[in-house]
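Number of protein chains: 2
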Amino acid sequence: MSNNHIKPENSTGKSMAKQVKIKDIAEMAGVSAGTVDRILHNRGNVSAASREAVEKALSETGYRYNIHTSAVSLKKGYKLVIAIPTAVKGEYWGTVQNGIEHALEEYSDITIECEYAFYNQFDIYSCRNSFDSIMERKPSAVIIGATFVSETVLLCTKLDKYGIPYAFVDAVIEGTDPVVTYSSDQNACGKTVGRLLDLFTPENAGIAVFGSRRIGNERANNSMVRMSGLMEYFSTCGKKREIKESKISVADPDESEKDIIRFLGENPEVKGIAVLNSRGYIIADILSGHGIQDMNIISFDLTVNNVRCVRSGSISAVICQRPEQQGFHAVKAIIRTLLYNIKEKNVHHFMPMDIIIKENLNQYREIYSE
Amino acid sequence: MSNNHIKPENSTGKSMAKQVKIKDIAEMAGVSAGTVDRILHNRGNVSAASREAVEKALSETGYRYNIHTSAVSLKKGYKLVIAIPTAVKGEYWGTVQNGIEHALEEYSDITIECEYAFYNQFDIYSCRNSFDSIMERKPSAVIIGATFVSETVLLCTKLDKYGIPYAFVDAVIEGTDPVVTYSSDQNACGKTVGRLLDLFTPENAGIAVFGSRRIGNERANNSMVRMSGLMEYFSTCGKKREIKESKISVADPDESEKDIIRFLGENPEVKGIAVLNSRGYIIADILSGHGIQDMNIISFDLTVNNVRCVRSGSISAVICQRPEQQGFHAVKAIIRTLLYNIKEKNVHHFMPMDIIIKENLNQYREIYSE
DNA sequence: TCCGGCCTTGTGTACGTCCACAAAAGTAGG
DNA sequence: CCTACTTTTGTGGACGTACACAAGGCCGGA
Numbered sequence: 001m002s003n004n005h006i007k008p009e010n011s012t013g014k015s016m017a018k019q020v021k022i023k024d025i026a027e028m029a030g031v032s033a034g035t036v037d038r039i040l041h042n043r044g045n046v047s048a049a050s051r052e053a054v055e056k057a058l059s060e061t062g063y064r065y066n067i068h069t070s071a072v073s074l075k076k077g078y079k080l081v082i083a084i085p086t087a088v089k090g091e092y093w094g095t096v097q098n099g100i101e102h103a104l105e106e107y108s109d110i111t112i113e114c115e116y117a118f119y120n121q122f123d124i125y126s127c128r129n130s131f132d133s134i135m136e137r138k139p140s141a142v143i144i145g146a147t148f149v150s151e152t153v154l155l156c157t158k159l160d161k162y163g164i165p166y167a168f169v170d171a172v173i174e175g176t177d178p179v180v181t182y183s184s185d186q187n188a189c190g191k192t193v194g195r196l197l198d199l200f201t202p203e204n205a206g207i208a209v210f211g212s213r214r215i216g217n218e219r220a221n222n223s224m225v226r227m228s229g230l231m232e233y234f235s236t237c238g239k240k241r242e243i244k245e246s247k248i249s250v251a252d253p254d255e256s257e258k259d260i261i262r263f264l265g266e267n268p269e270v271k272g273i274a275v276l277n278s279r280g281y282i283i284a285d286i287l288s289g290h291g292i293q294d295m296n297i298i299s300f301d302l303t304v305n306n307v308r309c310v311r312s313g314s315i316s317a318v319i320c321q322r323p324e325q326q327g328f329h330a331v332k333a334i335i336r337t338l339l340y341n342i343k344e345k346n347v348h349h350f351m352p353m354d355i356i357i358k359e360n361l362n363q364y365r366e367i368y369s370e
Numbered sequence: 001m002s003n004n005h006i007k008p009e010n011s012t013g014k015s016m017a018k019q020v021k022i023k024d025i026a027e028m029a030g031v032s033a034g035t036v037d038r039i040l041h042n043r044g045n046v047s048a049a050s051r052e053a054v055e056k057a058l059s060e061t062g063y064r065y066n067i068h069t070s071a072v073s074l075k076k077g078y079k080l081v082i083a084i085p086t087a088v089k090g091e092y093w094g095t096v097q098n099g100i101e102h103a104l105e106e107y108s109d110i111t112i113e114c115e116y117a118f119y120n121q122f123d124i125y126s127c128r129n130s131f132d133s134i135m136e137r138k139p140s141a142v143i144i145g146a147t148f149v150s151e152t153v154l155l156c157t158k159l160d161k162y163g164i165p166y167a168f169v170d171a172v173i174e175g176t177d178p179v180v181t182y183s184s185d186q187n188a189c190g191k192t193v194g195r196l197l198d199l200f201t202p203e204n205a206g207i208a209v210f211g212s213r214r215i216g217n218e219r220a221n222n223s224m225v226r227m228s229g230l231m232e233y234f235s236t237c238g239k240k241r242e243i244k245e246s247k248i249s250v251a252d253p254d255e256s257e258k259d260i261i262r263f264l265g266e267n268p269e270v271k272g273i274a275v276l277n278s279r280g281y282i283i284a285d286i287l288s289g290h291g292i293q294d295m296n297i298i299s300f301d302l303t304v305n306n307v308r309c310v311r312s313g314s315i316s317a318v319i320c321q322r323p324e325q326q327g328f329h330a331v332k333a334i335i336r337t338l339l340y341n342i343k344e345k346n347v348h349h350f351m352p353m354d355i356i357i358k359e360n361l362n363q364y365r366e367i368y369s370e
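Quick note, the sequences are listed as chains A and B, same order. The first sequence runs 1 to 370 under my numbering. The second sequence runs 1 to 370 under my numbering.
No lab work stands behind these hints, which were simulated from the structure alone. All residues carry an ideal CB built from backbone N, CA and C; glycine is no exception. Please note: incorrect hints may appear among the correct ones.
[As the list claims (entries may be wrong)] Dumping the calculated EDC-like pairs for lysine to aspartate or glutamate here, alpha-carbon to alpha-carbon at most 16 Å:
| no. | chain 1 | residue 1 | chain 2 | residue 2 |
| --- | --- | --- | --- | --- |
| 1 | B | K21 | A | D294 |
| 2 | A | K332 | B | D294 |
| 3 | A | K358 | B | D185 |
| 4 | B | K247 | B | D259 |
| 5 | B | K239 | B | D177 |
| 6 | B | K358 | A | E359 |
| 7 | B | K244 | B | E255 |
| 8 | A | K161 | A | D185 |
| 9 | A | K240 | A | D259 |
| 10 | A | K358 | B | E232 |
| 11 | B | K358 | A | D132 |
| 12 | A | K21 | B | D185 |
| 13 | B | K56 | B | E101 |
| 14 | B | K358 | A | E105 |
| 15 | A | K271 | A | D198 |
| 16 | A | K358 | B | D198 |
| 17 | B | K75 | B | E101 |
| 18 | A | K244 | A | D259 |
| 19 | B | K244 | B | D198 |
| 20 | B | K271 | B | D252 |
| 21 | B | K332 | A | D259 |
| 22 | B | K332 | A | D185 |
| 23 | B | K23 | B | E60 |
| 24 | A | K271 | A | D254 |
| 25 | B | K89 | B | E101 |
| 26 | A | K332 | B | D185 |
| 27 | A | K161 | A | D132 |
[Claimed, not checked] From the derived model, a few chain A residues whose C-beta atoms are all more than 12 Å from chain B:
| no. | residue |
| --- | --- |
| 28 | Q19 |
| 29 | G30 |
| 30 | S32 |
| 31 | K191 |
| 32 | F200 |
| 33 | R279 |
| 34 | I356 |
| 35 | E359 |
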């Protein structure tokens, strides 16, 4: 009972990497621990000779400092600013936020202050307001859920100027220099949707694709990339499918309903619909309301409404890009950067595209909620 | 609509929790820090009165001790024994091992020694040998990948006796008391396979199911549970499908090949095959070798061979249960138990069943390899 | 040469916990 | 009431790092 632990010193033959301490490095380089510390933290005021000697010792020993003792003596806290579209519980950005908070819990023994700078993803002025406030908040690091291209580039330029690290979730914006990004390959998503639609829809039936209405021409538009992936799938799959395109309006539900019903009246051969955003449930509910049962809908994101529709069968499949994991890992990566002051090598992480159908829905719910 | 987004903690959007220290608890309870420490670590020699006062203070403040300072001053190390089937890189248990090692890296600042006790999952004697050696190794905790029921129960009884915590990955054995388990709902897996097979196989074609040959009648047999799930799917899906059953032998490849070709000769209507273990690639390769192209194979696990077949199209879909995550989380949970000496509430974790097809294969590869 | 100022380096304390050991309180027997 | 012993409690050093501050070295100008 009392001997179910081992003593660190007396390893029973197993070799254990011995921890190299700052003092060891200092001794090797012929300087004091303080100098090593200054180099490790880029605090400046170090001669070229000392720096060289210490860096040699560091790389020879493969020194990695002890995160625990580091955290113990760390005086300064960090301030994390999260600039993402308004997070609604049970929807996409709400799930991202879950992941963010989950990660912060893991670091609850370090002083990390976290501020949200939400913006309306359909309103460029709201985004500008929000992003303008970020520098005033004096962040140590920023997590960005980008929608508008030039606003984001502007923000990143400022952050770069002050050496403030930032990470992207959901979408990656060109012309920026993030520490790390978590996103999905939207083109591959489109292909996957194509494949699923193809599987679920009878061979002789038609297919329709619903995207969002474009808002401004500056938006980083995941839907459009998904669309081209979907088209690629159908142009290479060997089968001949007729593909109709349409849009749904987010703003006006009554309008949408009329549009959809009219569209289906005009295209009775359509038996499969791809909805390239998270609003598949809207179409599913409209069709249910009109007693239409034999439509196969594929949509995106495991939101509460989509979950309901997958369970009831009014949506055939949903593709999900692990928003929670995106938030979680982005925060962890950015905190690691703050602590260790090193950039990771592989900055772009692509999340898997989970395929969720009625049969495997339950296990995903457990993962994505909580 | 406007204000149902998540407010983190307080109105200013900041989240910071103040650390309650052992000294604070000691002061509140009118004892010294040493006494609090003894209670926290069940070191005994504490009067009932002190214990009561301290526990009151602990629960009032919601005290949670600082993992970093704890780790800094922790003298003892831990020894983790991993009792799983022999891990081969790129196969199921190899991926579990990846996850285990990944988790150990996260705790590289704590002294954790890790020993593997591999066994041959097809040989009950090998399992006995391996499990018999475990107590001698004086583990602080054990991670078990169980195959044989009574051997596992025996091991767990011994572990329980000495109060050594253990966790299950992949399968859960009845009559044991693990700290935590990571596994999949095999019945739901079976249903999902059924659904996929149904989608991929033309409506008028027949379907076959290949399980493993049973080895001994004591084995925890995932295949059998998957089989019943699959049957459930087809008995409730409304369609009429003819389902044939067969087995594949792991031992003798030539024998398997003959069996399969004979089977398909006798059942030419079969155009879809579910392989309820990870050996879908064997069948896929045999069929490819015989020039058979129009078979839809669904199998399990993202092994290197299955990945190759999904990419080439000879396997239509694979279901994967995140072996890496299972290993990863099991280790993290067990280490948390060792550190905090508390049991988690929800011991059974079910992993999602990822559906992998050609179109979404690449992103999963990145996740599961690395 | 001396002085002030800047650049560089070394030193010492604090962080919160663990744990060994010392001290104190309690108990029992004579 | 004293001694011997057990149970309970308090105390201080150690862990490895961060950072403030003091101290030393170097340089140019007077």
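Evaluated hints:
no. : hint                 : result
1   : K21(B) with D294(A)  : violated, 62 Å
2   : K332(A) with D294(B) : violated, 46 Å
3   : K358(A) with D185(B) : holds, 14 Å
4   : K247(B) with D259(B) : holds, 9 Å
5   : K239(B) with D177(B) : violated, 42 Å
6   : K358(B) with E359(A) : violated, 20 Å
7   : K244(B) with E255(B) : violated, 19 Å
8   : K161(A) with D185(A) : violated, 29 Å
9   : K240(A) with D259(A) : violated, 26 Å
10  : K358(A) with E232(B) : holds, 14 Å
11  : K358(B) with D132(A) : violated, 43 Å
12  : K21(A) with D185(B)  : violated, 46 Å
13  : K56(B) with E101(B)  : violated, 39 Å
14  : K358(B) with E105(A) : violated, 37 Å
15  : K271(A) with D198(A) : holds, 10 Å
16  : K358(A) with D198(B) : holds, 14 Å
17  : K75(B) with E101(B)  : violated, 23 Å
18  : K244(A) with D259(A) : holds, 14 Å
19  : K244(B) with D198(B) : holds, 14 Å
20  : K271(B) with D252(B) : violated, 24 Å
21  : K332(B) with D259(A) : violated, 52 Å
22  : K332(B) with D185(A) : violated, 30 Å
23  : K23(B) with E60(B)   : holds, 15 Å
24  : K271(A) with D254(A) : violated, 22 Å
25  : K89(B) with E101(B)  : holds, 13 Å
26  : K332(A) with D185(B) : violated, 30 Å
27  : K161(A) with D132(A) : holds, 15 Å
28  : Q19                  : violated, 8 Å
29  : G30                  : holds, 27 Å
30  : S32                  : holds, 22 Å
31  : K191                 : violated, 5 Å
32  : F200                 : violated, 7 Å
33  : R279                 : holds, 16 Å
34  : I356                 : violated, 8 Å
35  : E359                 : violated, 4 Å
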